[in-house]
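As a plain string of letters, each chain reads:
Protein chains: 2
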Amino acid sequence: MKLSQRALDIQASPIRKLMPHAVKAKANGVKIYHLNIGQPDIPTPQEMIDVYQKFDDKVLAYGPSQGLEVYQKSLVHYYEKQGIKLDISDIIVTIAGSEAVTFAMMVAANEGDEIIVPEPFYTNYNGFATMASITLKPITTYAENGFALPADEEFEKLIGPKSRAIMLCNPGNPTGTVYSRAELERIAKLCKKHNLFLISDEVYREFVYDGLKHTSVLEFEGMDEHIIMVDSVSKRYSACGARIGCIVSRNKELMAATLKFAQARLCPPTVDQLAANACVYLPDEFFDDLIDEYQSRRDLVYNELMTIDDVVCIKPEGAFYIVAKLPIENAEDFVIWMLNEYRLDNETVMAAPCEGFYATPGLGRNELRLAYILNKDDLKKAMHIFREGLKEYRKIKG
Amino acid sequence: MKLSQRALDIQASPIRKLMPHAVKAKANGVKIYHLNIGQPDIPTPQEMIDVYQKFDDKVLAYGPSQGLEVYQKSLVHYYEKQGIKLDISDIIVTIAGSEAVTFAMMVAANEGDEIIVPEPFYTNYNGFATMASITLKPITTYAENGFALPADEEFEKLIGPKSRAIMLCNPGNPTGTVYSRAELERIAKLCKKHNLFLISDEVYREFVYDGLKHTSVLEFEGMDEHIIMVDSVSKRYSACGARIGCIVSRNKELMAATLKFAQARLCPPTVDQLAANACVYLPDEFFDDLIDEYQSRRDLVYNELMTIDDVVCIKPEGAFYIVAKLPIENAEDFVIWMLNEYRLDNETVMAAPCEGFYATPGLGRNELRLAYILNKDDLKKAMHIFREGLKEYRKIKG
Numbered sequence: 000m001k002l003s004q005r006a007l008d009i010q011a012s013p014i015r016k017l018m019p020h021a022v023k024a025k026a027n028g029v030k031i032y033h034l035n036i037g038q039p040d041i042p043t044p045q046e047m048i049d050v051y052q053k054f055d056d057k058v059l060a061y062g063p064s065q066g067l068e069v070y071q072k073s074l075v076h077y078y079e080k081q082g083i084k085l086d087i088s089d090i091i092v093t094i095a096g097s098e099a100v101t102f103a104m105m106v107a108a109n110e111g112d113e114i115i116v117p118e119p120f121y122t123n124y125n126g127f128a129t130m131a132s133i134t135l136k137p138i139t140t141y142a143e144n145g146f147a148l149p150a151d152e153e154f155e156k157l158i159g160p161k162s163r164a165i166m167l168c169n170p171g172n173p174t175g176t177v178y179s180r181a182e183l184e185r186i187a188k189l190c191k192k193h194n195l196f197l198i199s200d201e202v203y204r205e206f207v208y209d210g211l212k213h214t215s216v217l218e219f220e221g222m223d224e225h226i227i228m229v230d231s232v233s234k235r236y237s238a239c240g241a242r243i244g245c246i247v248s249r250n251k252e253l254m255a256a257t258l259k260f261a262q263a264r265l266c267p268p269t270v271d272q273l274a275a276n277a278c279v280y281l282p283d284e285f286f287d288d289l290i291d292e293y294q295s296r297r298d299l300v301y302n303e304l305m306t307i308d309d310v311v312c313i314k315p316e317g318a319f320y321i322v323a324k325l326p327i328e329n330a331e332d333f334v335i336w337m338l339n340e341y342r343l344d345n346e347t348v349m350a351a352p353c354e355g356f357y358a359t360p361g362l363g364r365n366e367l368r369l370a371y372i373l374n375k376d377d378l379k380k381a382m383h384i385f386r387e388g389l390k391e392y393r394k395i396k397g
Numbered sequence: 000m001k002l003s004q005r006a007l008d009i010q011a012s013p014i015r016k017l018m019p020h021a022v023k024a025k026a027n028g029v030k031i032y033h034l035n036i037g038q039p040d041i042p043t044p045q046e047m048i049d050v051y052q053k054f055d056d057k058v059l060a061y062g063p064s065q066g067l068e069v070y071q072k073s074l075v076h077y078y079e080k081q082g083i084k085l086d087i088s089d090i091i092v093t094i095a096g097s098e099a100v101t102f103a104m105m106v107a108a109n110e111g112d113e114i115i116v117p118e119p120f121y122t123n124y125n126g127f128a129t130m131a132s133i134t135l136k137p138i139t140t141y142a143e144n145g146f147a148l149p150a151d152e153e154f155e156k157l158i159g160p161k162s163r164a165i166m167l168c169n170p171g172n173p174t175g176t177v178y179s180r181a182e183l184e185r186i187a188k189l190c191k192k193h194n195l196f197l198i199s200d201e202v203y204r205e206f207v208y209d210g211l212k213h214t215s216v217l218e219f220e221g222m223d224e225h226i227i228m229v230d231s232v233s234k235r236y237s238a239c240g241a242r243i244g245c246i247v248s249r250n251k252e253l254m255a256a257t258l259k260f261a262q263a264r265l266c267p268p269t270v271d272q273l274a275a276n277a278c279v280y281l282p283d284e285f286f287d288d289l290i291d292e293y294q295s296r297r298d299l300v301y302n303e304l305m306t307i308d309d310v311v312c313i314k315p316e317g318a319f320y321i322v323a324k325l326p327i328e329n330a331e332d333f334v335i336w337m338l339n340e341y342r343l344d345n346e347t348v349m350a351a352p353c354e355g356f357y358a359t360p361g362l363g364r365n366e367l368r369l370a371y372i373l374n375k376d377d378l379k380k381a382m383h384i385f386r387e388g389l390k391e392y393r394k395i396k397g
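Taken in order, these protein sequences are the chains called A and B.
Quick note on numbering: numbering that gives the first Met the number 0 labels position 239 of the first sequence as 238, and the sequence is numbered without any gaps.
Quick note on numbering: numbering that gives the first Met the number 0 labels position 158 of the second sequence as 157, and the sequence is numbered without any gaps.
It is worth saying that the hints were derived from the structure and are not from the lab.
Remember, it's a predicted structure, so these values are computed and weren't measured experimentally.
Cβ coordinates follow ideal geometry from the N, Cα and C atoms, glycine included.
A portion of the hints provided could be inaccurate.
Claimed, not checked - If you anchor each label on the Cβ, the simulated ranges turn out as follows:
1. A:K191 x B:I290: 55 to 65 Å
2. A:K57 x B:K25: 17 to 27 Å
3. B:A255 x A:Q81: 34 to 44 Å
4. B:K191 x A:K390: 52 to 62 Å
5. A:Y280 x B:A26: 40 to 50 Å
6. B:N194 x A:E220: 23 to 33 Å
7. A:P19 x B:D291: 40 to 50 Å
Generate the whole structure from the sequences, applying the supplied hints.
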């Protein structure tokens with residue numbers, strides 16, 4: 000039986016495909032420091048766990064397709080605290096950020112249409128685009144200038160009759176790059192000029208360091224028709240298993256259409272929504288502590304990277320990832336070698352090769368993404384092993 | 000800003016669009032018996048609620064994309080009890096039946112391809128097909144013979160170069176029809192002959208009455224390449240808000256591709272999976288009691304319907320729906336009239352007009368779906384109001 004072309008085409012997770020090597024190493028008793036995945040180690044807030052523990056509805060029933068009203072209202076409150084004024088009808092609760100991105104793509108673009116995305120980008124955008132039969136047109140950004148957004152002319156080279164949207168991730172996964180207000184305003188104007196939607200993935204919106212303030216595209220005026228924001232509680236509250244996100248737009252027609260997509264799948268998980276709802280009312284210190292912790296981890300990883308010769312990396316200002324260009328040819332080969340061959344006191348490190356984050360073939364082969372989702376003691380050990388491993392690898396392979 | 004064509008095309012929920020009339024009636028203090036939705040009233044098993052209440056992981060983390068292994072293993076056990084032998088790699092846990100249907104459609108068919116579905120069918124198949132840019136080709140079934148499957152020749156009239164699958168819902172929503180083993184074997188053979196996938200939606204698999212036994216397509220031999228089964232815990236355990244389902248196939252290549260779709264959205268909700276897992280080990284009496292209850296409700300609704308002149312309806316053998324052809328022209332108009340005009344002791348009834356369950360324009364206009372998801376006292380009152388309302392409506396409109 001022949002499968003559909005999209006089933007054949009869809010990208011295998013470039014990170015998960017290396018897991019067998021990790022499994023083998025673990026089976027041999029090797030400890031692996033996982034810097035390869037975006038699973039935070041920070042405890043999920045007790046306020047959230049409490050909601051599960053207190054759940055006692057008689058019937059675990061369907062909620063509304065747009066999300067529980069109590070949670071929609073809390074989200075209005077959440078965004079308002081950040082200076083973003085919304086109506087509850089501007090928000091549809093989704094099954095994590097994944098579904099929000101899928102809805103955004105589908106409501107903006109038809110099969111065969113194009114969405115322009117700065118690369119490197121979150122690999123799963125590929126999967127959602129393949130499912131929706133949409134083509135992602137990559138616009139390359141570079142480690143040398145901290146993966147800054149390219150000039151308008153570069154975007155305009157890609158904008159054609161099939162272009163429907165520009166999609167940004169801010170702060171960026173995998174880059175950790177935080178776009179400035181000026182850069183974002185420039186892209187917003189470009190979208191207006193060319194009649195494109197601007198899809199902004201802001202799931203790391205809190206994860207911004209050095210006293211910077213995150214700019215949401217929802218803050219821009221006169222752009223309501225164009226702006227679609229996607230969000231998620233996964234990283235924010237260390238609640239990746241809750242599968243709660245949202246899609247936000249003040250474009251009423253777009254939200255009406257999105258609601259029809261949402262109605263088809265009935266509703267997001269009920270208890271998880273109640274749990275996410277409790278998180279909206281966490282004290283501000285929760286984020287103060289969180290950001291302090293991640294910022295010091297970022298500093299640690301970045302400073303350790305800077306002790307290695309010939310690494311190209313501008314200190315990223317957000318998310319919890321660093322992309323480093325390494326003085327080797329093939330980062331995937333290095334990762335596999337670390338898992339299969341290299342041990343320091345029977346420990347090794349796993350990172351994510353960046354090639355899978357690029358849509359342009361061949362790019363990113365010498366880049367790695369490091370996720371700083373371990374405590375600082377472990378991170379310190381991991382970075383030591385990483386540096387020593389890289390030194391050894393270059394001796395053997397270089 | 001122009002939305003995508005699929006955003007414009009996607010069907011609005013034909014049931015939810017009547018909600019404003021219900022909201023208005025309720026605001027006026029009218030009690031509505033809801034026979035319009037498939038939200039069971041049966042309590043969610045305490046064993047399931049207990050899992051939420053005992054959840055105390057430090058970090059609510061991502062699970063594997065294919066589902067938690069403990070739950071996959073439990074599902075193997077669940078199906079084995081019903082004589083269906085599976086390997087855990089034959090099962091991917093999905094975000095409810097909705098996602099399972101979406102994955103099944105996408106892995107089987109490309110944009111522009113066709114899937115043949117007996118109508119009336121579950122309306123949300125339309126939404127999933129629109130999102131995936133797949134065309135559903137309806138094959139009409141009729142109230143007069145209990146919505147039995149049409150002859151092979153009728154299917155073969157629809158099978159063409161773009162046909163990729165036949166999709167069945169068994170027991171049927173909205174029809175309540177249970178397909179016999181012989182009927183299913185005939186369709187399976189047809190799929191084999193024409194190189195089609197057979198997608199079987201079995202979310203109501205337990206809801207079979209009169210001592211009949213449900214036949215799963217997974218029981219057929221020599222069909223492993225063709226068979227895709229979709230399932231959900233929503234109805235089975237009155238756990239619609241948990242959003243846990245699964246897709247099952249012994250076609251290894253198909254499951255490998257489906258896993259890539261699943262990896263794109265990372266994972267199903269973690270706590271809900273643990274809760275669903277507990278349900279697999281409920282004592283057999285749980286279902287014995289459940290089926291007794293639903294069967295007696297079905298008898299009640301069916302017998303009440305039979306006291307009304309000119310109603311066409313064969314007693315359905317499964318799910319918790321009855322479709323009745325009424326001696327009126329427009330069932331939607333009747334439902335709206337019941338909500339807006341008709342009261343008996345300040346109470347009325349809401350049912351689901353069937354037109355939205357047909358893909359062929361104009362069909363089902365005089366049919367209603369009644370969901371027997373209320374206790375028998377309420378059902379008895381509801382059916383009395385329904386009968387009296389219909390009598391009155393026919394006097395006025397007929």
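Hint numbers not upheld by this structure, sorted from lowest to highest: Checked against the structure, the hints that fail are numbers 5 and 6, while the rest are satisfied.
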